[in-house]
Amino acid sequence: MASRSLDAFARMSIGRAFASGVGMVAGGFLILLVLVAIFAPWIAPFDYAAQNLMNANAAPGWPHLLGTDEFGRDVLSRVIHGARTSLSVSATAIAISMAAGMTLGAAAGYFGGFFERAVMTIVDLTWSFPDILIALIFVAIIGPGLTSTTFAIAIAYLAQFTRLTRAQIVRLKRETFIEATINLGAKPSHILLKHLMPNAIAPVIVVGMLAIGDGIVLEATLGFFGLGAQPPTPSWGAMMSSGTAQLFLSPWVIIFPGLAVAVTVIAVNLFGDELIRALDIRDRLRGA
Amino acid sequence: MLSVRDLGVAFGMVQPLSGVSFSVGKGETLGIVGESGSGKSLTAMSVMGLLPLSGGRITGGTVEFDGQDLTKLPERAYRKLRGGRIGLITQNPMTSLDPLKKIGPQVDDVAKLHLGLDAAAARARTEEILGTLRIPEPALICDRYPHQMSGGMKQRIVIAMALTADPDVLIADEPTTALDVTVQAQIIRLLDDLVKDRDLALVLITHDMSVVAQTCDKVVVMYAGRAVEHGPVEAIFDHPRHPYTQALIGCIPRGLVEAKRLTGIEGTVPTVVNYPDGCPFHPRCPRAQAVCATEPPAFSVAGDSAAACHFAEVAHAEPA
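Chains as they are written, first to last, in my numbering: chain C, 1 to 288; chain P, 1 to 320.
The reader is advised that the hints may include incorrect statements.
[As the list claims (entries may be wrong)] In silico BS3-like cross-links for lysine-lysine, where the CA-CA straight-line distance does not exceed 30 Å:
{"hint": "1", "chain 1": "P", "residue 1": "Lys112", "chain 2": "P", "residue 2": "Lys26"}
{"hint": "2", "chain 1": "P", "residue 1": "Lys72", "chain 2": "C", "residue 2": "Lys187"}
{"hint": "3", "chain 1": "P", "residue 1": "Lys80", "chain 2": "P", "residue 2": "Lys112"}
{"hint": "4", "chain 1": "P", "residue 1": "Lys26", "chain 2": "C", "residue 2": "Lys187"}
{"hint": "5", "chain 1": "P", "residue 1": "Lys72", "chain 2": "P", "residue 2": "Lys26"}
{"hint": "6", "chain 1": "P", "residue 1": "Lys26", "chain 2": "P", "residue 2": "Lys80"}
{"hint": "7", "chain 1": "P", "residue 1": "Lys80", "chain 2": "C", "residue 2": "Lys187"}
{"hint": "8", "chain 1": "P", "residue 1": "Lys26", "chain 2": "C", "residue 2": "Lys173"}
{"hint": "9", "chain 1": "C", "residue 1": "Lys173", "chain 2": "C", "residue 2": "Lys187"}
{"hint": "10", "chain 1": "P", "residue 1": "Lys196", "chain 2": "P", "residue 2": "Lys80"}
{"hint": "11", "chain 1": "C", "residue 1": "Lys173", "chain 2": "P", "residue 2": "Lys112"}
{"hint": "12", "chain 1": "P", "residue 1": "Lys80", "chain 2": "C", "residue 2": "Lys173"}
{"hint": "13", "chain 1": "P", "residue 1": "Lys112", "chain 2": "P", "residue 2": "Lys72"}
{"hint": "14", "chain 1": "P", "residue 1": "Lys26", "chain 2": "P", "residue 2": "Lys196"}
{"hint": "15", "chain 1": "P", "residue 1": "Lys196", "chain 2": "P", "residue 2": "Lys112"}
{"hint": "16", "chain 1": "P", "residue 1": "Lys72", "chain 2": "C", "residue 2": "Lys173"}
Don't read these hints as lab results, they were simulated from the structure.
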């Protein structure tokens, strides 16, 4: 049943988000970016790890359209592969965060009492630290790498999804149709999964969409500090970090990955705003 | 079938319901009437075992259904009764259906849960029950979302859901308040037919005395969380003995026959926190004496009916 209402949700709203000019440009860019990430090995003109020290720090031109870095690796190929790293890490992290946050938030909102207070206290505690600090603490504990980056981002955004889901469930729980369902003898699990969750999911998905943008920034930040993707795996953050050394010698090494992060995050946010408008859920996002 | 005896309900320190008794048998319709805030809906919630949801608890009395005391029933067993053997029709059909689910699956769920049917059999049952409620083209309706239907149609769906598992008792909590007058009459007639056809026991909660006069066999009049008068419908309407009942009947518009102006009852129902001492109705009662403000009246029985009034006999002598 949830899948069917999700279908309807998708048909109604995602389509409408594309309807405006901004939505179309931002959404179109994101679709293009996802395609680039998926088909990176076929699109990239060079091997992202192939070094050519004879041609290090080459300026943008032919055949290296965006130039080469300090090891003579093709910047364009690395930016394209970097899209793969950034998007997959951020999307996976947000998916984990959403799944965990929705479960915790729904359980807290539905069952209430001591369980709710315990969950919300812990979640609010993590909410009070900046995202980056939580992610850093987490990476510091389990060590750098893409897996720990993924979990660090997931934990950093957990509070957001937990709070939002809980707020939705608490509001919906008082609706007449939920009481009517109880009156028909439904079990708590049925009420929670078949009635409350499908009605609560729309704003959570939109916030998830926006959080992917934040996740990309956080992934780039961790990569910049050398805590994310390890060499030679290309990541926008790590590329910018290595680019700082040659900032004046070969600025293209830092400019292009930085541009990729900026444009992607702007596109995600613009599209997210259109989605909020299309779904007409601005009110429901407040107070969470 | 269902018999409530001396029911009392409390939320923390306040006691919004006390000493409510009634019983209803198969094929019988019991009306519970009273103004807003008199405890009608709370009575329905108590019978359905829903008080814990809003933080209330039963402080006294029994709710007996089919030989078992529901006040002592564990939640798991209660769930089998709700929607299975006791159906509740809620006040507002506009918000009683899940906005994201089509009608078919919503009604199917009841048949699956209580009758143990598989998907195909449940759908057959759904279409059958929609048919008996005179809903045209059940198969088509099953494929609609709630927002695509009118209020009257939604109320029928809500009634259908309450009837799917073939309950013994149906509690209708102001089933027509949110509907057009024309649709109200249809729904009331529908409920009336169901009682006769299925041998249902119906508890009809309403504030409309004319509906009670048309459909009910027995009446309980509630005021400020207490039953003030109960008895067979003829006795209550022909010889109301409690001044509140008399006043309620006086409020029924009677068309052009009586050209005098409609009467009202001065004042409002007291709120739970400031229920008056003695008889709860005394501040608004035209017959109130000093004793009414101090002594809570006992039921004065006359034939099948009883009225909680110190001056029930006097009241009887002067019908409204």
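Hint numbers contradicted by this structure:
Going through the list in order, the structure violates hint 8 alone and respects the others.
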